[in-house]
Amino acid sequence: MVKRIGMEVSIAAAEAVKQANVDVISAYPITPQTHIVEHLSELVANGEMDAEFFCVESEHSALSVCVGSEATGARSFTCTSAQGLALMSEITYIASGLRLPIVMIIANRTLSAPLSIWNDHSDAMSIRDCGWIQFFVENGQEVYDHVFISYRLAEDREVLLPVIINMDGFTLSHVIEPFELIEQEKIDQFLPPYQPLYRLHPDRPITMGAFALPAIFAETKKAQEVAIQSSMPKILEVLKAFGDMTGRYYRPIETYKTEDADTLLVTMGSFGETASVAVDKLRDEGRSVGLMKIRLWRPFPFEDLKKVALKAKNLVVIDRAISVGMGGPVASEVKAALYGYDVRPSVYNFVAGISGRDVAPSDFIKMVDKAEIEIEEGNREGYELYGVRE
Amino acid sequence: MIEIRFHGRGGQGAVTSAELLALAAIGEGKYAQAFPSFGPERRGAPVVAFCRIDDERIRIRANIYEPDIVVVLDASLLTIVNVAAGLKPNGLVVTTSKDSPEKVREILGIKNRIAAVDAVKIAREILGVPITNTTMLGSLVRASGVVQRESFVHPIKERFGRIADKNISAFERAYHDTALLQ
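Chains as they are written, first to last, in our numbering: chain A, 1 to 390; chain B, 1001 to 1182.
Be careful, since some hints might not be right.
[As the list claims (entries may be wrong)] In silico DSSO-like links for lysine-lysine, alpha-carbon gap of 27 angstroms or less:
1. K370/A to K306/A
2. K186/A to K18/A
3. K1157/B to K3/A
4. K240/A to K313/A
5. K306/A to K257/A
6. K257/A to K313/A
7. K366/A to K1088/B
8. K313/A to K281/A
9. K3/A to K240/A
10. K1157/B to K18/A
11. K1121/B to K1103/B
12. K281/A to K1103/B
It is worth saying that the hints were derived from the structure and are not from the lab.
Isolated chain B (complex conformation):
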């Protein structure tokens, strides 16, 4: 089982990211589960969302404490939230950042693999808003291969309708621009 924790701020789409990831995995015939850290939504406040993916039926219904992958949708969270809490020794951090993955690793003070992309810039350019959910999924897929790229097309179209194509472009751009530090 692969466990992924998303960190974002309310309104950036951390929950949507987790949901789209689960839908893409389920579309591939896998089992998956996505859920927010339950509670009232507050725009701008740090939020967490979770996704589990497995080949077997998933039975666990509790938060993720030892993730395989952490995805960060807002670079300011790198210094104010312990985003790497419980991350497995061979785990991966995928983050939006203007900085290099080396710099992110230094900020976090960890030895894990890091993937970084300036998702805010990509989202602003392509979508016109700094909502980084689909953009960060492109980066996640590049860095982890946890699901296939094509598997996102259907869930993104279902979710975004008229603006689906732009979201797919943002996804693809982040996929190509992601810098990975092993």
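One chain only, chain A, in its complex shape:
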């Protein structure tokens, strides 16, 4: 059995970046991402990691450096949170449009205003459509594991897309917990050196990111859309290969006690683990409740989600962000997935835990109770902010 090592999740994330043999790191510190970049800069400064660490004056520049370095064929990494992500958002579209397999960790944090350093998914949702493959992970081990998964996937010649690993700020980033680390030899086998299809080189000049007239832009976007849509088999293949190596098999949609469940909680990110405790308690009371956890946010796993969701009567979707004026963005996707079916579950949507408000197992139980009552009374597509004082 592998020995478990205790460490902070942010430190484990940085150690994974080191083990992934990243060549270039460029980042600007922002809470709660700070410990990751601090540790990486120490590793580089101490000579424990053979990489260039670019100190920049903003997140916009941080990702711009990664775009440049990745274009030369250097494996590149950045990470940020909230306002930092907002500032780099312009470049997120450029990285994916140029098909540069950068990997970024977002320690998810609330976007201002009001100013808040705590966790929710409003930052991730602000760049939802940026064209990166986007994961949400549940615990520290998954953060560590997804660094290797993400580079292997991003750099696959049939994919060539940047990847975001969303990890809840503080709720994951600042927690000490046990890790099963992977031997370097195994990682080197799983993740061989990056072999770019094209690279910027002074001896062989090429143009990347050229001006596109209307006559060609749509075709370029179509190619990008086809690339991310058809990355699904590769995603499954890489997750399977990682599982074969470690015994930890991940899926785009994770399920917990969903078989025969009338009501399913639907979560994304670190809510999943706490919600599973609530499911156990409800099952002990004889309630028919299960849990569906969305790991892969883009490309959205419609087919996998439908397979699970269509068997249930009620879905209780817990969002950790608001699309102001519309409700929860995850619920919106879930409803879209079910639109084509005459017989489909009711979808009751809560927005909970925004700006880091604590959500305990008892809160998930209250949400299930409330949703079941509302649906019973005919409110089949309700939406509310959970626990707000009025």
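For chain A, the structure is supplied; the task is to place chain B on it using the hints.
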């Protein structure tokens, strides 16, 4: 699962205590989790940190509302913060105090088990500063046996380097000096 809540003031090491406890437990092959009450650190302000220890993988990611054990790193908090809030009926309070455990029980107005040690005095004498994190861990281990004494040696050495030995001495001294009221 054992749930432990630490109360201290910013700078005294409540977060470090929780972290060292989790690392010691993980070193024993257990599962553990430690985290601060998230937010900007403010020196001197009341702070809270949490630690969970279990033989099974820990899935819950929320604050601790009904602790099995409360550890108090600053005696002034006994009267200004409800440190015993939600404490389980058979729960334990481990605190620094110049007073006896009987007196602490009276101050808190509870019936729970109490362990008391003058951690500030020990820390001042051995470490030269009133930072009571490792000292209070010695008291916690004596009162609860939640992890083995030896399990702290490695995490304390990793964390404190040059001053690790002094911290281990403070830990040991508190272990011996702790008064326990059942």
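For each hint, the structure was consulted:
no. : hint               : verdict
1   : K370/A to K306/A   : 24 angstroms, holds
2   : K186/A to K18/A    : 14 angstroms, holds
3   : K1157/B to K3/A    : 20 angstroms, holds
4   : K240/A to K313/A   : 31 angstroms, violated
5   : K306/A to K257/A   : 16 angstroms, holds
6   : K257/A to K313/A   : 15 angstroms, holds
7   : K366/A to K1088/B  : 22 angstroms, holds
8   : K313/A to K281/A   : 20 angstroms, holds
9   : K3/A to K240/A     : 23 angstroms, holds
10  : K1157/B to K18/A   : 24 angstroms, holds
11  : K1121/B to K1103/B : 18 angstroms, holds
12  : K281/A to K1103/B  : 39 angstroms, violated
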